[in-house]
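So the sequence lines, in the order shown, correspond to chains A and B. So that you can map any letter, position 182 of the first sequence is 182 in the working numbering, and since no number is skipped, the others follow by simple counting. So that you can map any letter, position 137 of the second sequence is 137 in the working numbering, and since no number is skipped, the others follow by simple counting.
Since the hints were made in silico from the structure, they are not lab data. Virtual Cβ for every residue (Gly too), placed ideally from N, Cα, C. Check the hints yourself; a few may be wrong.
Keeping only pairs whose Cα atoms sit at most 30 Å apart, straight-line, the calculated BS3-like set for lysine-lysine is [as the list claims (entries may be wrong)]:
#1 A/Lys15 / B/Lys5
#2 A/Lys178 / B/Lys45
#3 A/Lys170 / B/Lys45
#4 B/Lys176 / A/Lys142
#5 B/Lys180 / A/Lys15
#6 A/Lys20 / B/Lys45
Negatives, chain A to chain B, calculated, CB over 10 Å [unchecked claim]:
#7 Thr51
#8 Lys70
#9 Lys119
#10 Val134
#11 Glu157
Which stretches of chain B does chain A cover? Using the computed rule of at least three CB atoms under 8 Å from a CB of chain A, they are [said to hold, decoys possible]:
#12 65-75
#13 166-178
#14 182-189
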Amino acid sequence: MDKMIDDEMLVTQFKSGIQKAFDELMKRYERRIFSYLLRSVRNYEDAEELTLEVFFKAYRALGSWEPKAKFSTWLYTIASNLSIDYHRSKSRHPVFIYEDENVIEKRLVANDISSNPEKQLEDQERGEIIRAAVDKLSAKQKEVFMLTRYEGLQIKEVAETLGMAEGTVKIHLHRAIKKLQTILQPLWENNEI
Amino acid sequence: MPKCKISEAHVIDYVIGELDHTEAAEFRYHLTTCNHCIRHVNVLKHVLQLVDSAEAEIAPQAIVPTNLESKLYRRLAEEPIQKPSVHSRFTDFIARLGLILQIQKPAVVGLLAVVAIAITLLIGNPFDNETTESVDARIEQYHHQGIQRSMEDVIRNKHLRPSDEWNTVSQLNRVKDQAKGTDWAVLANEHLKGVNSKL
Ligand SMILES: [Zn+2]
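Just need the whole structure built from these sequences, with the hints factored in.
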């Protein structure tokens with residue numbers, strides 16, 4: 001399908017019964033939604049499950065969806081609600097990424113390239129410490145931080161996605177960054193990361 | 001060093017690019033004279049760099065799950081749009097079909113027969129609650145449910161706006177297209193003939 005067709009056009013096509021339009025929308029957003037959810041839940045299998053759930057819900061609701069915001073913003077709204085429910089239902093510490101075969105394979109390839117296994121391990125631990133700091137943010141702080149920083153959403157779009165005032169989004173974003181600084185700065189000053 | 005009067009939020013906004021053009025220029029000018037803010041900016045940039053690289057590690061493009069689409073359609077096939085059973089959906093469908101056919105009485109009997117045959121051919125015995133065995137069959141079944149929904153839309157619109165025949169014709173043509181190669185296309189065509197004969 002033509003890349004030049006915008007999302008809203010595809011939505012209209014889908015509403016008029018062209019199933020393929022949804023396939024195209026899914027193709028456009030599955031990676032982004034999956035990475036977003038993977039960062040949110042830190043677990044490969046759950047992120048996959050939730051990604052499916054996002055598109056499942058979107059498919060069901062799209063027929064009656066009236067575009068007040070962009071289609072992508074709407075998708076992130078569904079994803080972020082699901083991720084909030086997920087964290088609510090699993091009131092446990094997030095686990096680190098599930099070691100899917102593909103991930104292990106990728107890591108093996110990476111290890112082949114760099115012949116310094118100690119450094120590899122160091123980098124890996126460092127990454128985990130830093131992600132643990134991110135996971136210490138409140139749910140809203142983390143959502144706002146992730147959506148602006150890694151999903152490329154504007155403050156205004158995050159406000160729409162999360163149903164907050166723009167000012168509130170900014171406050172959460174500032175607090176998130178300040179909190180990351182509070183956690184991480186002592187760690188690098190003590191050479192722990 | 002005395003603390004600078006510029007707010008922490010302002011420095012953060014500068015680092016994440018949330019200041020407008022003028023504000024950013026003013027702040028850059030301020031940085032030429034304020035070591036406190038320079039240090040703050042550098043710390044924040046380092047924090048974000050660390051987090052960016054840690055977050056980049058965990059979502060590499062290559063490991064996005066495969067076959068999400070077919071998994072979605074399988075799920076949609078498992079959980080059809082309307083909760084009611086196949087049986088009640090069947091009777092509902094026939095009932096709605098009956099509504100519009102009041103306008104075209106002569107066609108009623110023939111069409112009902114076509115619908116019944118089509119449904120039996122397409123999704124098996126509508127009174128049988130058996131779930132389909134293979135994944136492909138489910139996806140196929142889902143496809144037919146999609147067509148059925150489009151057909152229902154035609155019927156609904158035709159009922160609500162009986163005078164808008166052009167709309168009905170174009171909708172039916174879309175269904176025909178969507179249903180190409182199936183008996184639904186035959187059904188849509190039958191319908192189309194009926195409408196066209198009135199135009
Ligand atoms: Zn200053």
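(request) List in ascending order the numbers of the hints, as given earlier, that are violated by the structure. (result) 1, 4, 6, 7, 10 and 14
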